[in-house]
Amino acid sequence: MTSGTERVEWFGDTFEAMTQNIERAVLGKRNVIRLTLACLVSEGHLLIEDFPGTGKTMLARALAATLEGSHARIQFTPDLLPSDVTGVTVYEQQKGTFTFHPGPIFHAIVLADEINRASPKTQSALLEVMEEGHVTVDGITHDVPRPFMVIATQNPIEQAGTYRLPEAQLDRFLMKTSVGYPDAAATEELLMNSQVRDRASLVEPILKTELVTEMSRIADAVYVDRAVISYVRQLAEASREAEHVRLGISARGCLALIRVTKTWAAAAGRAHVVPEDVAELAHPVLSHRLILDGEAQYRGVAIETVVDDLLDRVPVPALRA
1 MTSGTERVEW FGDTFEAMTQ NIERAVLGKR NVIRLTLACL VSEGHLLIED FPGTGKTMLA
61 RALAATLEGS HARIQFTPDL LPSDVTGVTV YEQQKGTFTF HPGPIFHAIV LADEINRASP
121 KTQSALLEVM EEGHVTVDGI THDVPRPFMV IATQNPIEQA GTYRLPEAQL DRFLMKTSVG
181 YPDAAATEEL LMNSQVRDRA SLVEPILKTE LVTEMSRIAD AVYVDRAVIS YVRQLAEASR
241 EAEHVRLGIS ARGCLALIRV TKTWAAAAGR AHVVPEDVAE LAHPVLSHRL ILDGEAQYRG
301 VAIETVVDDL LDRVPVPALR A
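Residue numbering for the sequence shown follows my numbering, starting at 1 and increasing by one per position.
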């Protein structure tokens, strides 16, 4: 790969190969898979909120199986301690020294299953590592591997014994999405192959983690026109003045949207971002960053409707040919 065009073409081909590989385990969810991969390449974290049995855990496991890297699953429960996530320093009597034993967070892909079932103290143990890429235990900083991605899941229906994620932690997730039920064709194919107990076992590693870092560098070099930058800024400003919105899009939210649109453009084989990329990614990147006022929640106003209104109100820029 010598020229920028060749690098972007390689990016698009690799992104497509990873998508098809994960589709062997997660049927009929191509767009969700692409969003997950875009989140990985953009060096972000993903929150999946959906009903039980829709394939949230399967998606995370299939992604981990696609990469030749380490992965771990943490089942969040009310009695889970922060040290169960980050690790603990233990005194080695034979050596006469303290030794750090890393927790499951020190893997490339970490599945935080049912994250809202853990206490706020344990949830906060993820804040530092998700934002800064390292963990501090007993005053000593330990770096996590690269690439590093947390995929957290939560059930939106059963709220008994759960702890709602605070806004500060929600903002650490680059995207929030849902898997949803499969369509008719995917459901029938799934039932026809009911003898396969673990569909994630069908996924083979096809990419080394080092190449994910290379893909991130290619995405960073994708061109973003000033008109698209202004478009994102106007969306953020409009969100702060929108009806029913108590807290609009922050500068961090704008940066997140630009980062993902670069990856999305490269996945499509383009070396530049178009306004349609922003529109496609507005919901998964911005929805969980908006906070509605009490009246809107009482009236049942959906955040998705608010985002749609923003996209309708803010004029789409016309880029130069």
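I should point out that these hints are in silico values taken from the structure, not numbers from a laboratory.
Some hints here could point you the wrong way.
[As the list claims (entries may be wrong)] In silico lysine to aspartate or glutamate, EDC-like type, Cα no more than 16 Å apart, as pairs:
no., residue 1, residue 2
1, K121, E68
2, K208, E68
3, K121, D79
4, K121, D84
[What the hints assert, rightly or not] Simulated DEER-style distance windows between Cβ atoms:
no., residue 1, residue 2, range
5, D183, E9, 49 to 55 Å
6, G139, Y181, 23 to 29 Å
7, D143, Y181, 25 to 31 Å
8, T136, E68, 27 to 33 Å
9, E210, L127, 38 to 44 Å
As the structure is a prediction and not an experimental result, all values here were calculated from the model.
Ideal placement from N, C-alpha and C gives every residue a C-beta, glycine not left out.
Satisfaction of hint between E68 and K121, Cα-Cα up to 16 Å: Since the Cα atoms of K121 and E68 sit roughly 32 Å apart, the hinted pair is violated (cutoff 16 Å).
Sort out whether E68 lies within 16 Å of K208, counting only the CA atoms. Status holds; Cα separation ~5 Å.
K121 paired with D84 [C-alpha distance capped at 16 Å]: holds, 12 Å
Is the hinted range of 38 to 44 Å satisfied by the C-beta distance from E210 to L127? violated, 27 Å
Between T136 and E68, does the beta-carbon spacing fit 27 to 33 Å? holds, 29 Å
Given the hinted pair K121 and D79, is their Cα-Cα distance within 16 Å? Cα-Cα ~11 Å, so holds.
Within 25 to 31 Å: is that where the Cβ-Cβ distance between D143 and Y181 falls? violated, 40 Å
Does the hinted range 49 to 55 Å hold for D183 and E9 at CB? Violated, at about 31 Å.
Should the hint that G139 and Y181 are 23 to 29 Å apart at their CB atoms be regarded as holding? For G139 and Y181 the Cβ distance comes to about 48 Å; the hint is violated.
Violated hints, in rising order: 1, 5, 6, 7, 9; the structure is consistent with all others.
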